[in-house]
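Chemist: Listed below, chain by chain, are the residues.
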Amino acid sequence: MRASDRPAWMERPSRLGVALKAVIITAITLLVIYPFVGVLSTSFSSESEIAKSGGFVVFPTAPQLDAYRAVFDGGTVTRALLISVLVTGLGTLASVTVTICMAYGLSRREVTGSKWILMIALFTMLFNPGIIANFLLVNQLGLLNSFGALVLPSLVSAFNLVVLRSFFMNLPSELLESARMDGAGDLRILVRIVLPLSKAVIAVVSLFYAVAYWNNFFNALLYIDDSDRHPLPNILRTFILQGRTLESAVGTEAPAPVQAIQMAVLVVAIVPILLVYPFLQRYFTKGVLTGAIKG
Amino acid sequence: MTTPLQAVGPGTASRTKPETSSAAPRRLPLWKRLWRDRVMLMLTLPGLVYFLVFHYVPLFGYVAAFQDYQPYIGFLDSQWVGLQNFATMLGDPRFWDAVGNTLRITLTQLVLFFPAPIALALLLNSVISEKVRRFVQSVVYLPHFIGWVIIVSIFQQVIGGAGVLPDFLESVGLPRYDMMTDPDAFPLLVTLQVIWKDCGWGTIIFLAALLSINPELYEAAAMDGAGRWRRLWHVTLPGITPIIILLLILNLGSILSVGFEQILLQRDAVGPESGEVLDTFVYFNGVQDGQWGPAAAVGLVKAVVGAALVLGANKVAHLLGHEGVYRNASK
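Top to bottom, those sequences are chains A and B.
Under numbering that gives the first Met the number 0, the first residue of the first sequence is numbered 0, with each subsequent residue one higher.
Under numbering that gives the first Met the number 0, the first residue of the second sequence is numbered 0, with each subsequent residue one higher.
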């Protein structure tokens, strides 16, 4: 902390105050990080080490990959992982495409009826049809037990729509006007001018969608009966929380400690998020604020 | 909720022929304007269809609340039973358990979780080093992106039966304590998980509000001899009050919806008597047991009460002179 960063009128904090603040902030940071480290370390640990530490290893002495071998052996977890990847990939693609089109279509106030359409979308932020109504609808549409049931019910989020729309509206209008003067139609303007300028915000919205699909547990729980077609979160639930064994998944004899396999599955579920997170983190604030306040 | 709609009015003048604007802006007939805007409107179509089909059409499903609904017969042929489903609901002690649990959990969250992001934002805001603040922010935002299944699993590992915390308690000579299966601690457990997941994420909006406070106010206050606590009280807090009110209103609307996924995942560990909330009650009665009518009745009451709470709270905010969720028409 350099003194020059402090406004002239602000008094120096007491030494005790600074120390206290540092302790609190460190504690909060550790409370967030500790579980992640524990999960990761345990997944690399051997039976004896897990037994010695009481189930949660923080520093594995002899890391091993047996748990991951078991997970990627082609059983239940591998299958669920593939389903999750597929749902996340295709779902995100579909959601982002539909959201971009709708946000752009609503981004000019003078378009006839666009305010009504926007209200129809925004109003869904205030109410939720509820479990029964949604289930009956998906049932009536014949989507039960289909791939579509994992994507369609949560295709567009009004929040992401607002984020994109306000970004599009804030693009310099001279740019769009001059393109129109040069004879570009609405579609060409979207593809050639708006999209290239909006890469960052589209990336954030994609992340929001992708995380939602990756973590979605509710759609599969509600609409998919066959547990062989469940994505990763539902497998996590039966395997870790309900304590059911994954014997069918990892062969008759488990080559690695159950605890390590459980943690390996958790790691597999968390790592994709950790991989994209650092790249997009700096855009969050802007996205969240436009989505939360404008309307 | 009709106020913002009134904003639709003139101003939809031609955008393709600005040269005619010297005369009074003539309004083209509707079909001509629709034809002019066809490309833009076509683009909104897939999204519009989605919202109508998946958010508005399901509302008709609530006729099931007044029927002895049988899925294989459908809405048209199911027998109408009037308010009988609501009577069933009110006479069901499990329903009242669910109401009680929902309110207990909501109240715990309101008291413990709601102020947490505000406090954390104030703490982060007071950190002068940019680097430290950035780092802590990226750490505390992260859990927001982790799904409930993973979070509950992690909690199971750390404080559950065979977890780190009971082991630690034993090693210091205290009895083992498993919070995950303690019915009395369930609201607290659920709240702790919410805090771990979303406290950091919740700071974003408060940090932005804090940034938007005019620094001259602080300077002037300091000139007048206000110490840091007085400045916190007289400058900082008034600066973020509108946001606090807004979030309180939104919270009020979801007072009957405490995280369905999160609670469903842990309901079995503490039993339905203390782990059942309205959403899980609806799920188990309707989707699991096929009691469609009564479940839909509960869902309908919940939705109506929630909407009424948002609108009511917003009204109160207007009366108190705050802006609330949407702007007052008179302004």
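Treat the hints with care, as some may be off.
Stated by the list, open to error - Calculated lysine to any residue pairs in the SDA-like style (CA-CA distance at most 20 Å, straight line): (1) Lys285/A - Phe134/B; (2) Lys114/A - Tyr55/B; (3) Lys285/A - Pro28/B; (4) Lys285/A - Ile243/B; (5) Lys314/B - Lys20/A; (6) Lys114/A - Trp34/B; (7) Lys51/A - Leu310/B; (8) Lys130/B - Leu29/A; (9) Lys314/B - Thr240/B; (10) Lys114/A - Pro28/B; (11) Lys20/A - Val80/B; (12) Lys285/A - Arg230/B; (13) Lys20/A - Pro28/B; (14) Lys20/A - Tyr55/B.
None of these hints come from the bench; they were simulated from the model.
Chemist: If a hint holds in the structure, say so; if it doesn't, say that too.
Modeler: How the hints compare with the structure:
With a C-alpha separation of about 18 Å, the suggested pairing of lysine 285/A with phenylalanine 134/B holds against the 20 Å cut-off. A hinted pair counts as satisfied when its Cα atoms are at most 20 Å apart, and lysine 114/A with tyrosine 55/B qualifies at roughly 17 Å. As the CA atoms of lysine 285/A and proline 28/B are separated by approximately 39 Å, the hinted pair breaks the 20 Å bound. Restraint check for lysine 285/A and isoleucine 243/B: the C-alpha separation of about 19 Å stays at or below 20 Å, so the hint holds.
About 39 Å separates the Cα atoms of lysine 314/B and lysine 20/A, which puts this hinted pair outside 20 Å; it is violated. With a C-alpha separation of about 17 Å, the suggested pair lysine 114/A and tryptophan 34/B falls inside the 20 Å cut-off, and the hint holds. Proposed proximity of lysine 51/A and leucine 310/B is contradicted: the alpha carbons are some 56 Å apart, above 20 Å. The straight-line distance between the Cα atoms of lysine 130/B and leucine 29/A is roughly 17 Å, inside the 20 Å bound, and the hint therefore holds.
Pair hint lysine 314/B plus threonine 240/B holds up; C-alpha atoms about 17 Å apart against a cutoff of 20 Å. Taking the CA atoms of lysine 114/A and proline 28/B, the gap is near 18 Å; set against the 20 Å cutoff, the hint holds. Between lysine 20/A and valine 80/B, the direct Cα distance comes to roughly 62 Å. Violation of the 20 Å bound is thereby established for this hinted pair. Taking the CA atoms of lysine 285/A and arginine 230/B, the gap is near 27 Å; set against the 20 Å cutoff, the hint is violated.
Between lysine 20/A and proline 28/B the alpha-carbon distance is near 65 Å, which puts this suggested pair outside the 20 Å criterion. Using a Cα cut-off of 20 Å, the hinted pair lysine 20/A and tyrosine 55/B is violated, with the two alpha carbons roughly 49 Å apart.
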